[in-house]
Amino acid sequence: MEAAITSAPQSPVAGHHYTSTGLDNRKIGIWAFLGSECMLFVSLISTYLIYKGRSVVGPFPHEAWTNPQTGQHLNPILNIPVTSFSTFLLLMSSLSMVLAHNAVVNKRVPKTTTGQRILGSSKLWLWGVIILGLGFLMCQAYEFTSFVHEGLTIRTNLFGSSFFTLTGFHGAHVTAGVLWLCSLLAIDYKRDLMPEDALNVDLAALYWHFVDVVWIAIFTLVYLIR
Amino acid sequence: MAQHSDHAAAGHHDAAAHAHHPTAKTYLVVGLFLTIITVLEVWAYYVPSFVASKAFVPTLLIMSAVKFATVVMFYMHLKYDHKIFRALFTGGFLVAATTLIGLMFLFGKLAVRLGLLT
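These protein sequence lines map, in sequence, to chains A and B. To convert, note that position 118 of the first sequence is 117 in numbering that gives the first Met the number 0; the numbers rise steadily by one, no gaps. To convert, note that position 16 of the second sequence is 15 in numbering that gives the first Met the number 0; the numbers rise steadily by one, no gaps.
Extracted from the complex, chain B is given alone in its bound form (with noise of 0.2 Å):
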């Protein structure tokens, strides 16, 4: 019988999570935000000046994480949605991220600059 709430609570917790997507409207918004990012980045990329600085490469990947996680809380809901499928998607990323950042420490030219290859 508890399982019977349980999945009643469940279905409830489902509705209410249906209920607080957002509406077509956040997504048009939403839409027009990732395309200013775009059209920003690309911007960045034809000004010399701004290519030499040492604010290039931070900036666009500040530009580039931010269009990231709008994409994957608004369209993919994660905002929204149950904690489970955002420690499914978040720990697999984090295992990914955490890989790259070592990869790039061992092979990269983060390593060649530590000294620990030539």
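Looking at chain A on its own, in the form it has when it is part of the complex (with noise of 0.2 Å):
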């Protein structure tokens, strides 16, 4: 009787995972690896921070430059409204990713209104997350391609080479999250997502949502503080 108590915690029953704590360690786990992704970004945005104004050349992100070899102006490099635009894409993604966990979590619950049926459909709100996700990424191709054709890569100078770095660096990060969800949406169109999967989709939301904090940071420090 006892070996069985004993060697319970490190049997999945019924689909629940039994730990010391209580707690799935998958959750455990994803909010360890969040923590550890705050200073991955926070080293990314120091370094950011440090060489902010000590670029030698231009182009510069909030200042015009002429370049006094061939005389070439360069207006300021970000583009403000295009980011705000992106900004607003990952910041509605995070709302339909609350309402796609929400929905399946409240999959058994009888839906007799359209408003009901749509608020329901974690399907619906999964498509949502993944096509703002997209969107927030082609914002960045665009703007990343027009920074190059403006002549800054990330080789021109020390803004160049943080900026993309620290970008792209998000970029990946938000590539991977629409990956994670796409293969959530296959789950769901394959067996309908259930409550028992909610964990599952705690996950990929918790994940999702750190990218879009991580963004609130780096809009307000990288492209509004001047």
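No wet-lab data here; the hints were simulated from the structure. Where a beta carbon is used, it is the ideal one built from N, C-alpha and C, also for glycine.
Straight-line distance between alpha carbons at most 30 Å, and here's what the computed DSSO-like set of lysine-lysine pairs gives: (1) A:K110 - A:K189; (2) B:K24 - B:K78; (3) A:K106 - B:K24; (4) A:K110 - A:K122; (5) B:K24 - A:K110; (6) A:K122 - A:K106; (7) B:K82 - A:K106; (8) A:K122 - A:K189; (9) A:K189 - A:K106; (10) A:K106 - B:K78; (11) B:K78 - A:K122; (12) B:K24 - A:K122; (13) B:K24 - B:K82; (14) B:K78 - A:K110.
These stretches of chain A come out as covered by chain B in the derived footprint (C-beta under 8 Å, 3 or more residues): (15) 29-39; (16) 45-51; (17) 89-102; (18) 203-213.
Please assemble the complex out of the two chains, which come individually in their own frames, going by the hints.
Shown next as structure tokens:
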């Protein structure tokens, strides 16, 4: 009897992983991972802030610059309207993500009105997150392409190196998140995501919201503060 | 046997935490709140007199911090979740924030102002 009880924590019973803390290891793991990701992004943001204003040649983020050798005039390179729009897309994707999670948790609750059916459609909200995430990535691709055309590459100056590294890492995280959400959507089409799958959706949601909060910091520190 | 009751208690705790999760309406209100702050941030960027004032940077930092905290508390459910999750995230975040402040003192414009760097 004692042996059976002591072996229980290692064996998943009815799909639930018992742990000494009583919490699911996967959720503890994702929070620890997100805590470590804070350190990664802060190191990249610190690098950007330390190098800010120390570039010898342009283009610069907020100031115009004239090349003394060629006489070429370069405008401030950051495109705030496009980035504001992409920030809005990412914020709305986070809203869509919580609604997708909410829909999975309440899958068995009967829906009588059209509004309840819309709010209860996990497929709809997962599609929403994926489309908004792809929209954000398209804005970033447009931004990077226009920067290169205007003469700013990762090798041009300190601003270019730190900016492309920081935003590129963030974009890679968004891409990974979109792929993760695509796999959840595929599962939802194969067999409906049910309340038993809520933790799987929650893990993806936590990662996605983290990507959003990192962008909240980047948008202010890199784009808005001069 | 005690372990079984621990697990039951933990399961009960999870269920209780889930029951306190916000509703879809709360999520929509939070989404609207985040949008309004973002609009205010961008609006502040386009007001030259405000950009030139000393309040510009602190205001943007505060608005950004409010957005950050709102997403973490409501969308990531940290306000309602277990304290271990809170400790894991805020622990990493505090180490990161302290590192950022330390690096700014050592190498940033702050160091130049303090005469530590030229």
